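2 protein chains.
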Amino acid sequence: MQYIRIDEINKHADEEVQIKGWVTHIRSSGKLIFIEIRDGSERVQCVVYKGDVTPEIFETADGLTIETSLMISGSVRKDTRSKLGYEIGVKSIQVVHQPKDEFPISPKEHGVAFLHEQRHLWIRSSRQVAILRIRATIVKAARDFLDRNGFILFDTPILTPTSCEGTSTLFETPYFSRSAYLTQSGQLYDEAGAMALGRVYSFGPTFRAEKSKTRRHLTEFWMVEPEAAFFDLDMDMKLAEEFVAYIVSEVLKNNTYELETLERNIVKLETIETPFPRISYDEAIDILKSTGHEVIWGDDLGGDEETVISNRYDRPVLIHRYPVECKAFYMKSDPQRSNVSLCCDMLAPEGYGEIIGGGQREDDYETLLNKIKHHKLDPEPFQWYLDLRRYGSVPHAGFGLGIERTVAWLCGLNHVRETIPFPRLMDRIHP
Amino acid sequence: MQYIRIDEINKHADEEVQIKGWVTHIRSSGKLIFIEIRDGSERVQCVVYKGDVTPEIFETADGLTIETSLMISGSVRKDTRSKLGYEIGVKSIQVVHQPKDEFPISPKEHGVAFLHEQRHLWIRSSRQVAILRIRATIVKAARDFLDRNGFILFDTPILTPTSCEGTSTLFETPYFSRSAYLTQSGQLYDEAGAMALGRVYSFGPTFRAEKSKTRRHLTEFWMVEPEAAFFDLDMDMKLAEEFVAYIVSEVLKNNTYELETLERNIVKLETIETPFPRISYDEAIDILKSTGHEVIWGDDLGGDEETVISNRYDRPVLIHRYPVECKAFYMKSDPQRSNVSLCCDMLAPEGYGEIIGGGQREDDYETLLNKIKHHKLDPEPFQWYLDLRRYGSVPHAGFGLGIERTVAWLCGLNHVRETIPFPRLMDRIHP
Numbered sequence: 062m063q064y065i066r067i068d069e070i071n072k073h074a075d076e077e078v079q080i081k082g083w084v085t086h087i088r089s090s091g092k093l094i095f096i097e098i099r100d101g102s103e104r105v106q107c108v109v110y111k112g113d114v115t116p117e118i119f120e121t122a123d124g125l126t127i128e129t130s131l132m133i134s135g136s137v138r139k140d141t142r143s144k145l146g147y148e149i150g151v152k153s154i155q156v157v158h159q160p161k162d163e164f165p166i167s168p169k170e171h172g173v174a175f176l177h178e179q180r181h182l183w184i185r186s187s188r189q190v191a192i193l194r195i196r197a198t199i200v201k202a203a204r205d206f207l208d209r210n211g212f213i214l215f216d217t218p219i220l221t222p223t224s225c226e227g228t229s230t231l232f233e234t235p236y237f238s239r240s241a242y243l244t245q246s247g248q249l250y251d252e253a254g255a256m257a258l259g260r261v262y263s264f265g266p267t268f269r270a271e272k273s274k275t276r277r278h279l280t281e282f283w284m285v286e287p288e289a290a291f292f293d294l295d296m297d298m299k300l301a302e303e304f305v306a307y308i309v310s311e312v313l314k315n316n317t318y319e320l321e322t323l324e325r326n327i328v329k330l331e332t333i334e335t336p337f338p339r340i341s342y343d344e345a346i347d348i349l350k351s352t353g354h355e356v357i358w359g360d361d362l363g364g365d366e367e368t369v370i371s372n373r374y375d376r377p378v379l380i381h382r383y384p385v386e387c388k389a390f391y392m393k394s395d396p397q398r399s400n401v402s403l404c405c406d407m408l409a410p411e412g413y414g415e416i417i418g419g420g421q422r423e424d425d426y427e428t429l430l431n432k433i434k435h436h437k438l439d440p441e442p443f444q445w446y447l448d449l450r451r452y453g454s455v456p457h458a459g460f461g462l463g464i465e466r467t468v469a470w471l472c473g474l475n476h477v478r479e480t481i482p483f484p485r486l487m488d489r490i491h492p
Numbered sequence: 062m063q064y065i066r067i068d069e070i071n072k073h074a075d076e077e078v079q080i081k082g083w084v085t086h087i088r089s090s091g092k093l094i095f096i097e098i099r100d101g102s103e104r105v106q107c108v109v110y111k112g113d114v115t116p117e118i119f120e121t122a123d124g125l126t127i128e129t130s131l132m133i134s135g136s137v138r139k140d141t142r143s144k145l146g147y148e149i150g151v152k153s154i155q156v157v158h159q160p161k162d163e164f165p166i167s168p169k170e171h172g173v174a175f176l177h178e179q180r181h182l183w184i185r186s187s188r189q190v191a192i193l194r195i196r197a198t199i200v201k202a203a204r205d206f207l208d209r210n211g212f213i214l215f216d217t218p219i220l221t222p223t224s225c226e227g228t229s230t231l232f233e234t235p236y237f238s239r240s241a242y243l244t245q246s247g248q249l250y251d252e253a254g255a256m257a258l259g260r261v262y263s264f265g266p267t268f269r270a271e272k273s274k275t276r277r278h279l280t281e282f283w284m285v286e287p288e289a290a291f292f293d294l295d296m297d298m299k300l301a302e303e304f305v306a307y308i309v310s311e312v313l314k315n316n317t318y319e320l321e322t323l324e325r326n327i328v329k330l331e332t333i334e335t336p337f338p339r340i341s342y343d344e345a346i347d348i349l350k351s352t353g354h355e356v357i358w359g360d361d362l363g364g365d366e367e368t369v370i371s372n373r374y375d376r377p378v379l380i381h382r383y384p385v386e387c388k389a390f391y392m393k394s395d396p397q398r399s400n401v402s403l404c405c406d407m408l409a410p411e412g413y414g415e416i417i418g419g420g421q422r423e424d425d426y427e428t429l430l431n432k433i434k435h436h437k438l439d440p441e442p443f444q445w446y447l448d449l450r451r452y453g454s455v456p457h458a459g460f461g462l463g464i465e466r467t468v469a470w471l472c473g474l475n476h477v478r479e480t481i482p483f484p485r486l487m488d489r490i491h492p
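Line order of the protein sequences matches chains A and B.
If you use the working numbering, the first sequence corresponds to residues 62 to 492, in order.
If you use the working numbering, the second sequence corresponds to residues 62 to 492, in order.
Wrong hints could be hidden among the right ones.
One copy or two, it doesn't matter: identical chains are merged, so the pair holds either way.
Said to hold, decoys possible - DSS-like cross-link-like pairs, simulated, lysine-lysine; straight-line CA separation at most 27 Å:
no.: 1; residue 1: 299; residue 2: 314
no.: 2; residue 1: 350; residue 2: 314
no.: 3; residue 1: 139; residue 2: 92
no.: 4; residue 1: 201; residue 2: 350
no.: 5; residue 1: 161; residue 2: 111
no.: 6; residue 1: 92; residue 2: 434
no.: 7; residue 1: 152; residue 2: 72
no.: 8; residue 1: 72; residue 2: 299
no.: 9; residue 1: 161; residue 2: 434
no.: 10; residue 1: 437; residue 2: 111
no.: 11; residue 1: 201; residue 2: 314
no.: 12; residue 1: 201; residue 2: 299
no.: 13; residue 1: 272; residue 2: 437
no.: 14; residue 1: 432; residue 2: 161
no.: 15; residue 1: 329; residue 2: 299
no.: 16; residue 1: 329; residue 2: 161
no.: 17; residue 1: 314; residue 2: 144
no.: 18; residue 1: 388; residue 2: 72
no.: 19; residue 1: 201; residue 2: 388
no.: 20; residue 1: 144; residue 2: 72
no.: 21; residue 1: 350; residue 2: 388
Derived from the structure by calculation, the hints contain no laboratory data.
Since the structure is predicted, the reported quantities are computational estimates derived from the model, not experimental observations.
Using the sequences plus the hints, can you model the full thing?
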């Protein structure tokens, strides 16, 4: 008898197979017992008919409890009511391990704190499995897109030597005889990579020791950051929109069932096609003013303002050319207008906020040095970064996409804490 | 005129194109100037013939220096001596940025410390580019292999709450009102993932604050760790050998030029096919004794012993069933023989040492609890991990592959410090 994973069942119609997994649901009606089994690849209904099995097996089936692990053998048969198209007519059951205690997580409502305390078990539920599978698709799509477009993976360091912009949001660790800080972005290193490999991307965890409890923040989150030599802001925005559109299309293609499990309105995802709308910061301010919001030119856009803007569109919107004072020192100013940066943010629709931040980097040595000083930063730790402008400097641009916010958006979640296996928040580091 | 990347040149024979990149080499002979340009995708020779260009362009070409960034236009023509098969007959040159100072890294010998201090520039050299491209292939091959075999990416946390096995090799950071530690492995979390998703893998940076300066150790290194439910040691070893063989085959397929640049003896890689030899720890000890090494049963194998064993084979060797006392508390003991673990290490050939460590995990609640106590560990922080044995425990196994050691082996490097863009060592965290 062949051991198969449940997602291969359609290749084994009318055959005898063995599956290995866990009981997720059980109900009996006299001579029939229906056991739903999950094995990580899929879920399938297994039907035990009293007339088909020994009394011992029927008794075993009748005594099964949620999350019992087992091996079931039986024949694969058509079942048009199941989404798989098949069910298993059980011949034998071998229990691997039956829990002594009731599984702590039931379909009934649990508090958020309890569920997070039980995160190692909570991830077994169909909703969490769906989210984690979609996360895996998003990561794979991001990597595939960049690999196919000539970007080379460039693993930037997590431990960094300096707290360039102050230590207030940095995690710090003793590093032998000195201190090190956990990275907040691979970008500066990616720029060095782009000068060597032309187009690179980093993809790793980043950290922010922020004392904030919002539904959009984790202390540990993953970012993918492409950076390309000879790229300007327009090329960067084009790359960003094609990148995001590809990720959405891959999720729609590969995760129909998961989106259904999450009851995600996929019509809102199917409209995500390039080109995305692009507006300048100036236009964003005009929109906000005309809709009665009290903003003045020069203010950064907060979460509420972002939602007002993004709600006007059925796809992500790119906002470019923010005031230089809103953006980091490394952003290049617009040569046409020195008070705005050649930067862009991408806001996800449906109020999911900023998912991308990026733009063109300052590539002139003197200008960059002056910007560093203007931001009251010590130029010394930036000498290596300034070197990139000393030796064959080129126009270059890039951006960072936050994975957890992208997962939250595509899954339709109202908090990023369910987007990663073991979320880290200000008040949550266990398990 | 079309802007192309150099690696697309074979699609543009006899066309006029523009390339953008950096000067890596220049030599002139009277009326001809030969400029080698790199753009990250490839290198190409550009030929300036005095009769073809204006005096200004010829003068510009004559004044070019190493690492000048520029845009060159010209016609693509056959050149059988070049590995690309083509060269560019230059029509015009536009300098983007010419360095005022000489590029610090020349083809002459430099000291290791100097090169690492200049790592942000050193990565532009052909040897470093080759290594980083091979690294990218290895990572992609590892992910593709696991994705295609039903493993789901599962990003385990970097910040962990407890120093389960002592703090001596852990990096510690204040985490709001408490402490957190940088992960040394995602395995325990992967086990929770395997119970939810069947087959998972983590792939991220791991950390070890070891006060050791060897050619095999970094303080920050990347690991890929697959973990599968209903896997035993044999399935685990089979997975490991197929995984490694696939990675090697992908590097051979995609990085011919890079391996050539590194002068890697590829005959030694072409022999890497499954099945890999498998020997027990007992057999390893016998081999060592019979070749005059002073070892006694129960000793762990050190680097020297590993080299003796691995030198006997033309491909990686799997050593299984080490004494339980050599291995971590979570390893399952062999039911046939309780003093050995159902574990396996894979040693790379040519003296590159251990690249994989793994095995079957203890899946019985009481036994695991006793092992935790036997290792003098506090069971409290392991309650969530013990839960995996309370609710539907199953046999499961996995392993971890170290990326940097794999890169070192496949590239033929004698130190892991060149295998990652910005290596972190005990005495090296800058730039």
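Comparing the hints with the structure gives:
1. 299 with 314: Within one copy, since 22 Å is at most 27 Å while 32 Å is not.
2. 350 with 314: Neither: 40 Å inside a chain and 58 Å across chains, both beyond 27 Å.
3. 139 with 92: Only inside one copy: residue 139 and residue 92 sit 20 Å apart there, 79 Å across copies, limit 27 Å.
4. 201 with 350: Neither: 40 Å inside a chain and 48 Å across chains, both beyond 27 Å.
5. 161 with 111: within (26 Å within a copy, 87 Å between copies)
6. 92 with 434: Close neither inside one copy (81 Å) nor across copies (47 Å); limit 27 Å.
7. 152 with 72: Classified as within; 19 Å inside a copy, 60 Å across copies.
8. 72 with 299: between (42 Å within a copy, 24 Å between copies)
9. 161 with 434: Close across copies (22 Å), not inside one copy (65 Å); limit 27 Å.
10. 437 with 111: Answer is neither: 79 Å inside a copy and 50 Å across each miss the 27 Å cutoff.
11. 201 with 314: Both ways: residue 201 and residue 314 sit 13 Å apart in one copy and 21 Å across, limit 27 Å.
12. 201 with 299: both (20 Å within a copy, 25 Å between copies)
13. 272 with 437: Intra 24 Å, inter 36 Å, cutoff 27 Å: intra-copy only.
14. 432 with 161: between (64 Å within a copy, 21 Å between copies)
15. 329 with 299: Answer is within: at 21 Å inside a copy they meet the 27 Å cutoff, but 44 Å across does not.
16. 329 with 161: neither (45 Å within a copy, 53 Å between copies)
17. 314 with 144: within (17 Å within a copy, 40 Å between copies)
18. 388 with 72: Result: close neither inside a copy nor across copies, 55 Å intra and 41 Å inter.
19. 201 with 388: neither (30 Å within a copy, 34 Å between copies)
20. 144 with 72: within (15 Å within a copy, 47 Å between copies)
21. 350 with 388: Close inside one copy (22 Å), not across copies (66 Å); limit 27 Å.
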